[in-house]
Amino acid sequence: MLRKTALCTALCFFATTPLLAGKGGTLPFNTDLEKAPAAARDVGKAQVYYFTKDH
Amino acid sequence: MEQDGKDLALILVHAARGGARALMDKYGVKSFPTVVFTDSEGSETARLAGRDEDSVARQFEEHAKKYTRVTPWLESIDKAVAAGKEANKPVLVFAVDPRHPASAFIETFFAHNISYKTVEKFAISKVAFSKKDKQLKGLKIRKGATVYYLDPNDETLRARKVSASDPAKFKKQLDKLLEKYAEKVEKAAKAG
Chain D
1 MLRKTALCTA LCFFATTPLL AGKGGTLPFN TDLEKAPAAA RDVGKAQVYY FTKDH
Chain H
1001 MEQDGKDLAL ILVHAARGGA RALMDKYGVK SFPTVVFTDS EGSETARLAG RDEDSVARQF
1061 EEHAKKYTRV TPWLESIDKA VAAGKEANKP VLVFAVDPRH PASAFIETFF AHNISYKTVE
1121 KFAISKVAFS KKDKQLKGLK IRKGATVYYL DPNDETLRAR KVSASDPAKF KKQLDKLLEK
1181 YAEKVEKAAK AG
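The listed protein sequences derive, respectively, from chains D and H. The first sequence lines up with residues 1 to 55 when you count with the working numbering. The second sequence lines up with residues 1001 to 1192 when you count with the working numbering.
Hints in this document: simulated from the structure, not taken from any laboratory. A few of these clues could be false.
Said to hold, decoys possible - Cut-off 30 Å, straight-line C-alpha distance, at most; resulting in silico cross-link-like pairs (DSBU-like, lysine-lysine):
1) D:LYS35 / H:LYS1006
2) H:LYS1117 / H:LYS1172
3) H:LYS1079 / H:LYS1065
4) H:LYS1030 / H:LYS1089
5) H:LYS1143 / H:LYS1180
6) H:LYS1176 / D:LYS35
7) H:LYS1131 / H:LYS1079
8) H:LYS1172 / D:LYS35
9) D:LYS35 / H:LYS1121
10) H:LYS1085 / H:LYS1143
11) H:LYS1190 / H:LYS1030
12) D:LYS35 / H:LYS1026
13) H:LYS1137 / H:LYS1171
14) H:LYS1030 / D:LYS35
15) H:LYS1030 / D:LYS53
16) H:LYS1132 / H:LYS1187
17) D:LYS53 / H:LYS1026
18) H:LYS1079 / H:LYS1171
19) H:LYS1089 / H:LYS1066
20) D:LYS35 / H:LYS1140
21) H:LYS1066 / D:LYS35
22) H:LYS1169 / H:LYS1121
23) D:LYS35 / H:LYS1143
24) H:LYS1079 / H:LYS1143
25) H:LYS1117 / H:LYS1161
26) D:LYS35 / H:LYS1117
27) H:LYS1030 / H:LYS1079
28) H:LYS1187 / H:LYS1176
29) H:LYS1171 / D:LYS35
30) H:LYS1006 / D:LYS53
31) H:LYS1171 / H:LYS1140
32) H:LYS1026 / H:LYS1079
33) H:LYS1117 / H:LYS1190
From a predicted model like this one, the values you see are computed outputs, not experimental measurements.
Kindly produce the complete structure, drawing on both the sequences and the hints.
Structure below.
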């Protein structure tokens, strides 16, 4: 539980911090699970998957 | 490396949505939230380890630095031509004019819009544009913030402009140039 809370705190931080966030104030997460990984592979971008039940 | 998500593909997987199950199985995700870091091919490299703002930010930054491919710019036209000759690749020269907004736009194309597999088929260089530069003049590179094509095997090197007004057109042109170059190489091999 403690671990989960810490993770939630960290992830809330991702979504709001100006350090990581784009101009809109949130990270530009892509939700297209078919196209996003393929597009990343094509241009050689490393990927970060955020698995959640809460959004 | 930028930290605004441009150097990483950030993918949100909601457990209840279509396609999530396959990814959860692939990465063995059993609890939520879980953050999985992968290379560009999708092989897992790490999980979120940070528990504070600084270490989380650092992990994102280091992950991008280590696993996102960067455009393999060569610092001079001579180096690109030599590399092109050695590896039998056509050459692209990006004449950068920092005062021109199109320069940043073109750099973004290379970093984020063009397949690295296409980019790696060229020897590419990025040089500062100056009207007074004798080498650029000799190659007929007369405009900054512009991409030029060169055949490294041509005896009289002459640059041809490649229009980079939008990523789709740019990609098509690069594919066409690669195709033509391959045909030329094949013809030369048959003749020689």
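Here is how each hint holds up against the structure:
1. Of the pairs offered as hints, the one joining LYS35 (chain D) and LYS1006 (chain H) holds, with about 16 Å between alpha carbons and a cut-off of 30 Å not exceeded.
2. Taking the CA atoms of LYS1117 (chain H) and LYS1172 (chain H), the gap is near 14 Å; set against the 30 Å cutoff, the hint holds.
3. Between LYS1079 (chain H) and LYS1065 (chain H) the CA atoms are separated by roughly 25 Å; this keeps the pair inside 30 Å, and the hint holds.
4. Pair hint LYS1030 (chain H) plus LYS1089 (chain H) does not hold up; C-alpha atoms about 47 Å apart against a cutoff of 30 Å.
5. At most 30 Å may separate the alpha-carbon atoms for a hinted pair to count; LYS1143 (chain H) and LYS1180 (chain H) meet this at roughly 24 Å.
6. Of the supplied pair hints, the one linking LYS1176 (chain H) and LYS35 (chain D) holds, its CA atoms being roughly 25 Å apart against a limit of 30 Å.
7. Between the alpha carbons of LYS1131 (chain H) and LYS1079 (chain H) the distance comes to roughly 21 Å, so the proposed pair stays at or under 30 Å and holds.
8. For the proposed pair LYS1172 (chain H) and LYS35 (chain D), the alpha carbon gap of about 20 Å is at most 30 Å, so the pair holds.
9. The hinted pair formed by LYS35 (chain D) and LYS1121 (chain H) meets the criterion: a straight-line CA distance of about 24 Å does not exceed 30 Å.
10. Our distance criterion of 30 Å between C-alpha atoms is met by LYS1085 (chain H) and LYS1143 (chain H), whose separation comes to about 25 Å.
11. Proposed proximity of LYS1190 (chain H) and LYS1030 (chain H) is contradicted: the alpha carbons are some 59 Å apart, above 30 Å.
12. Restraint check for LYS35 (chain D) and LYS1026 (chain H): the C-alpha separation of about 17 Å stays at or below 30 Å, so the hint holds.
13. Between LYS1137 (chain H) and LYS1171 (chain H) the alpha-carbon distance is near 27 Å, which keeps this suggested pair within the 30 Å criterion.
14. Distance hint between LYS1030 (chain H) and LYS35 (chain D) is fulfilled; the C-alpha atoms sit about 23 Å from each other, no more than 30 Å.
15. Taking the CA atoms of LYS1030 (chain H) and LYS53 (chain D), the gap is about 11 Å. The hint holds against a cut of 30 Å.
16. Between the alpha carbons of LYS1132 (chain H) and LYS1187 (chain H) the distance comes to roughly 37 Å, so the proposed pair goes past 30 Å and is violated.
17. Taking the CA atoms of LYS53 (chain D) and LYS1026 (chain H), the gap is about 17 Å. The hint holds against a cut of 30 Å.
18. Between LYS1079 (chain H) and LYS1171 (chain H), the direct Cα distance comes to roughly 24 Å. Compliance with the 30 Å bound is thereby established for this hinted pair.
19. Our distance criterion of 30 Å between C-alpha atoms is met by LYS1089 (chain H) and LYS1066 (chain H), whose separation comes to about 26 Å.
20. Distance check on the hinted pair: LYS35 (chain D) and LYS1140 (chain H) sit about 40 Å apart at the alpha-carbon level, beyond 30 Å; violated.
21. About 23 Å separates the Cα atoms of LYS1066 (chain H) and LYS35 (chain D), which keeps this hinted pair within 30 Å; it holds.
22. For the given pair, LYS1169 (chain H) sits about 18 Å from LYS1121 (chain H) by alpha-carbon distance, which is consistent with the 30 Å threshold.
23. At most 30 Å may separate the alpha-carbon atoms for a hinted pair to count; LYS35 (chain D) and LYS1143 (chain H) exceed this at roughly 36 Å.
24. For the hint linking LYS1079 (chain H) to LYS1143 (chain H), the alpha-carbon distance of about 21 Å falls within 30 Å, and the restraint holds.
25. Restraint check for LYS1117 (chain H) and LYS1161 (chain H): the C-alpha separation of about 22 Å stays at or below 30 Å, so the hint holds.
26. Proposed proximity of LYS35 (chain D) and LYS1117 (chain H) is supported: the alpha carbons are some 18 Å apart, at most 30 Å.
27. Between the alpha carbons of LYS1030 (chain H) and LYS1079 (chain H) the distance comes to roughly 50 Å, so the proposed pair goes past 30 Å and is violated.
28. Pair hint LYS1187 (chain H) plus LYS1176 (chain H) holds up; C-alpha atoms about 17 Å apart against a cutoff of 30 Å.
29. At most 30 Å may separate the alpha-carbon atoms for a hinted pair to count; LYS1171 (chain H) and LYS35 (chain D) meet this at roughly 18 Å.
30. With a C-alpha separation of about 25 Å, the suggested pair LYS1006 (chain H) and LYS53 (chain D) falls inside the 30 Å cut-off, and the hint holds.
31. Pair hint LYS1171 (chain H) plus LYS1140 (chain H) holds up; C-alpha atoms about 23 Å apart against a cutoff of 30 Å.
32. Straight-line distance between C-alpha atoms of LYS1026 (chain H) and LYS1079 (chain H) comes to about 43 Å, which puts the hinted pair past the 30 Å bound.
33. Between LYS1117 (chain H) and LYS1190 (chain H) the alpha-carbon distance is near 27 Å, which keeps this suggested pair within the 30 Å criterion.
Hints 4, 11, 16, 20, 23, 27, 32 from the earlier list are contradicted by this structure; the remaining hints agree with it.
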